[in-house]
Every structure is written in C-alpha cells, then in structure tokens.
Amino acid sequence: MAMPKVDAQCDPIALVVSARGGSPEAMEDLIGLYQERVAGFIYAMVGRTDQLQDLSQTTFVKMISGMSALKSPESFEPWLFRIARNVCTDHLRRERLRRMLVPFGQEHEPIEYPRAAAEGRLWTFRKMLKELPPRQRELVVLMGERDWSYEELARITASTVSSVKSRLFRARAFLRRRMNE
Amino acid sequence: MSDHSRHFLALRKQAAAHLPPDFARRVMRESDRLRRRRAAQTRIIAMTGILCAVLAIAIHAAGVAALDRQNLEMWAKTAAQARALEVSL
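Top line first, the protein sequences correspond to chains L and D. Residue numbers 1 to 181, in this note's numbering, belong to the letters of the first sequence in order. Residue numbers 1001 to 1089, in this note's numbering, belong to the letters of the second sequence in order.
The shape of chain L in the complex, shown without the other chains (with noise of 0.2 Å):
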C-alpha cells in the first residue's frame, strides 16, 4: 500500500507555506500527506479504481500550478478538495458523453463483484453511493471523509449553504432507506 512519506504530526499550514515558498520537499511532503485523502474522495465519488491514479495524479497537478493563487494556507484543505472534487465532475460528464457516443463494450465497465462478506457490505455501501445524484454524493463523500463545517462545504461545492444543508437532508434520508430495505 501506498503510504505517506512523511509521519501524520507533520504540520500541513507549514508544509503549505514552504510549499508556496517554492520547496519541492515540502510540496513531495504534501502531496504524501494528502495521497489517501484525496484519492479516498476520489474513489467514492467515481467508484472505479482503473482512473483512479490518473484522476488523483491531475488534482495534484493542478494543486502545485495553482498554488500561488492559494489566498492563504488556512484555507488549503477545501481548497484541494474542491479540486479534486471538479476533476471528479469533470470527469463524470466526460463518463456520461463517452456512454452517449460509445457503443457499450465490457473493457468500458469492469464490474467488481464482493469476494468476502465484509466486502459484500462496502460493495452494497458503494453501490448506494453511487445510486445518490453527483451533487448529493459529494457531500456524503465529503462528511465521511472529516466533519466540515456547513460553510467550508458550500465553498468547496460552489454552493450555498442552505443548498448544502437541503441535499445533505435528501442524501441521508435516502442512505437511511436504502440501508432499512
């Protein structure tokens, strides 16, 4: 398994600030500390891994060339996340116009079926997730991935908040019944 190069107590505002200082260590170092994160997030929303790498490889390529547009380092966590989050979209209407004009071939969609029971039950997790409309998985994804505020989520969704409070409402109520049936 992939890990991170440097330890968890490394700290990201400082590792931020380097990084923007133009250090390729401290840049390396974020990018480890943020690898599992990010490609987490970009699993659950996609959910297919044959992407996978290449979908996180150009969040964190656009993170370094858009560094310097970084207000400031507080910020750095939505603000990767809500890049990551517009290749994820990006990449999901790209899926969407590919299914309109290809004709539908297996090598297209790999189906992955459980091995294991508790892989049954993160398969069926999965397969609710991706059941949920792109707008309310996001958020989903987002909660499940730390405990945003209201505020952060509507700036890394480009939303407002009471947007983000009526399609959580609607996600969770449809988690709920999907996992009572």
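Honestly, the hints are just simulated from the structure, not real lab data. Keep in mind that the hints are not guaranteed to be accurate.
[Said to hold, decoys possible] In the DSS-like style, the derived pairs of lysine-lysine whose C-alpha atoms are separated by at most 27 Å in a straight line are:
1. LYS130(L) with LYS1077(D)
2. LYS165(L) with LYS127(L)
3. LYS1013(D) with LYS127(L)
4. LYS130(L) with LYS165(L)
5. LYS1013(D) with LYS62(L)
6. LYS62(L) with LYS130(L)
Note that this is a predicted model, so its numbers are computed, not measured.
With the hints as your guide, set chain D onto chain L.
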C-alpha cells in the same frame, strides 16, 4: 465508529492501495514535464506571433514600396509627357 465511517475508511485504504509507493515523486515529475511543455508551447506561440508580425510588416512594406515605385514611374511618365508637350508648343 459508525458503519459509514468504517466504510469510508475502508474505501480510503482501498484507494490508497491503487497508488504507487512513489506517487508524490511521479506527480512532481509530471508537473515538471507539463510546466516545461507549457513553457515550450508559450515559446512556440510567441515565436509564431513574432514571425507573423514580421511577415505582415514585410508584406506591408513591400506593398508600399511597390506602390511608391508605381507612382514614381507614373509621375516620371507624366513629367516626360508634360516636357514633350512643352517642347512641341
């Protein structure tokens, strides 16, 4: 820990398992490669722009020079005709 949190943690672990151990280094390399490519593209765009400007100026200058030559020839012809008329009178 709730079931959801456990599932998200499991998803994160599964996802991390699909990243190579030198992922951060690869990202840095890719970023460098893209930066170099963008710089090369910018250079090509700038050079093409300069070339187009030089070409446009050259074409314009050649056109103006041709027109000047044509005008001078016409003036010379007109002056010769005027002189001939003067002599004949």
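| task | Mind checking the alpha carbons of LYS62(L) and LYS130(L) for me, to see if they're no more than 27 Å apart? | result | This hinted pair holds, its Cα atoms lying about 26 Å apart.
| query | For the pair supplied as a hint, LYS130(L) and LYS165(L), is the alpha-carbon distance within the 27 Å limit? | reply | holds (20 Å)
| message | LYS1013(D) and LYS62(L) were given as a pair; does the straight-line alpha-carbon distance stay at or below 27 Å? | response | holds (23 Å)
| field | Satisfaction of hint between LYS1077(D) and LYS130(L), Cα-Cα up to 27 Å | value | Outside the cut-off at roughly 86 Å; violated.
| When you check the alpha-carbon spacing of LYS165(L) and LYS127(L), does it fall within 27 Å? | Cα-Cα ~23 Å, so holds.
| message | Please verify whether LYS1013(D) and LYS127(L) have alpha carbons no more than 27 Å apart. | response | Measuring from Cα to Cα gives roughly 18 Å; hence the hint holds.
In summary, the one numbered hint that this structure violates is 1.
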